[in-house]
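Chain order of the listed sequences is A and B.
Start counting the first sequence at 20; every next residue gets the next number (my numbering).
Start counting the second sequence at 20; every next residue gets the next number (my numbering).
Please note that the accuracy of each hint is not assured.
Heads up, the list lumps identical chains together, so a pair's fine if it works in one copy or across two of them.
[Said to hold, decoys possible] Capping the alpha-carbon separation at 25 Å, the derived lysine to aspartate or glutamate pairs in DMTMM-like fashion look like this:
hint, residue 1, residue 2
1, 67, 82
2, 162, 126
3, 54, 154
4, 67, 83
5, 188, 166
6, 162, 120
7, 144, 169
8, 117, 185
9, 53, 185
Bear in mind the hints are in silico, worked out from the structure with no lab data behind them.
There are 2 protein chains.
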Amino acid sequence: MTNRLSDNQSQLKSYIIPLSTQNFFISFVYMLSKKTKYAIKALVILGKNMTQPPMQIARIAEEEHIPKKFLEQILLDLRNAGYLYSKKGAGGGYSLNKNPEDIYLVDILRITDGPIAMVPCASLKFYHKCEECHDEVTCGIRKAFIDVRDASLKVLSETSIANIIEREKTSIDLM
Amino acid sequence: MTNRLSDNQSQLKSYIIPLSTQNFFISFVYMLSKKTKYAIKALVILGKNMTQPPMQIARIAEEEHIPKKFLEQILLDLRNAGYLYSKKGAGGGYSLNKNPEDIYLVDILRITDGPIAMVPCASLKFYHKCEECHDEVTCGIRKAFIDVRDASLKVLSETSIANIIEREKTSIDLM
DNA sequence: ACTAAGTCTATATACTTTGTATATTTGCAT
DNA sequence: ATGCAAATATACAAAGTATATAGACTTAGT
Numbered sequence: 020m021t022n023r024l025s026d027n028q029s030q031l032k033s034y035i036i037p038l039s040t041q042n043f044f045i046s047f048v049y050m051l052s053k054k055t056k057y058a059i060k061a062l063v064i065l066g067k068n069m070t071q072p073p074m075q076i077a078r079i080a081e082e083e084h085i086p087k088k089f090l091e092q093i094l095l096d097l098r099n100a101g102y103l104y105s106k107k108g109a110g111g112g113y114s115l116n117k118n119p120e121d122i123y124l125v126d127i128l129r130i131t132d133g134p135i136a137m138v139p140c141a142s143l144k145f146y147h148k149c150e151e152c153h154d155e156v157t158c159g160i161r162k163a164f165i166d167v168r169d170a171s172l173k174v175l176s177e178t179s180i181a182n183i184i185e186r187e188k189t190s191i192d193l194m
Numbered sequence: 020m021t022n023r024l025s026d027n028q029s030q031l032k033s034y035i036i037p038l039s040t041q042n043f044f045i046s047f048v049y050m051l052s053k054k055t056k057y058a059i060k061a062l063v064i065l066g067k068n069m070t071q072p073p074m075q076i077a078r079i080a081e082e083e084h085i086p087k088k089f090l091e092q093i094l095l096d097l098r099n100a101g102y103l104y105s106k107k108g109a110g111g112g113y114s115l116n117k118n119p120e121d122i123y124l125v126d127i128l129r130i131t132d133g134p135i136a137m138v139p140c141a142s143l144k145f146y147h148k149c150e151e152c153h154d155e156v157t158c159g160i161r162k163a164f165i166d167v168r169d170a171s172l173k174v175l176s177e178t179s180i181a182n183i184i185e186r187e188k189t190s191i192d193l194m
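The whole structure should be built from the sequences, with the hints applied where relevant.
Printed below as a string of structure tokens:
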């Protein structure tokens, strides 16, 4: 095993490819959707608005640079999930239906983007079988991504809208 | 703040929406791409093949039910990144260029899917500014997702192809 | 020289997200 | 009661991306 390796290692030299021919199209798609970003932003701004009358979609859209019609749909989802209160008619608008301390990132993500796990077979709330999978019970990939899910789930379940608002008061330069 | 809340709470009842009208189109897109899944599978099968001669693309494709032409591109990426050794001509094929113990999920993801973080402004290797961001230094969302990134990064940096192969020998029913 | 493999570039297809348009409903204010 | 302000609902258009396929080229073994 190891002699094969060192053999390969030495032969590799002739296979070094110049950077210019590498594929630079990076996929950013498994990242947070704009929908989710907008949702968090709306909840944050409404969380800061707790003592005020309901805030209109138009105003949130303007302040956060979100397309109004798109935001409407997002707020509707959050409302149907019980996180927002809405009032129609003149003087109407949206406000939080829970305390900012009680709205966690994990809840929002599940409403707007769906599963937290990176593979469907590792999802708690949106589980479904991977098509290509030979045997899910022994699948090592699945096990690895269950661990990943647990790690990110922990953070997402501990971070509330209130936390985010609180943290906006301090600066960071750490990365 | 709290009296407004309880007020909202009581008014909510009239706003309960039947499930049937809710949006059931769940986004599965920020999940692992097929490209990455195929990459991991290929590395795993090659990891089990360490003592054998190079394995042909066609064979990997067949065993793992991966479209051959698509797999070609993926293996090429992995090879250009130094993880695979390839040999042309008769008797050619692919083999690992590192020990399975030394190939980590985080490396593979960065080659095939790009960033680990869920927002570009929280990415270590693929950082770029969020367009919509007012002030990155105080952004609470960014801070939260730096924490998420660190959590999943830890697991992805600890899990190697060898770990995955090892774990395939045991069953789990835990979720 | 022939054949078996990987390499490279371009392009087609399908699917999602993102954003827009239009019509409708609800409720406040006068 | 009427008009206006706001949310609700549904459908659809636009843009972008992943996924897959095609074909010509290069390299190496026999």
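Note to self: Name the hints, by number, that the structure is in violation of.
What the structure shows: none
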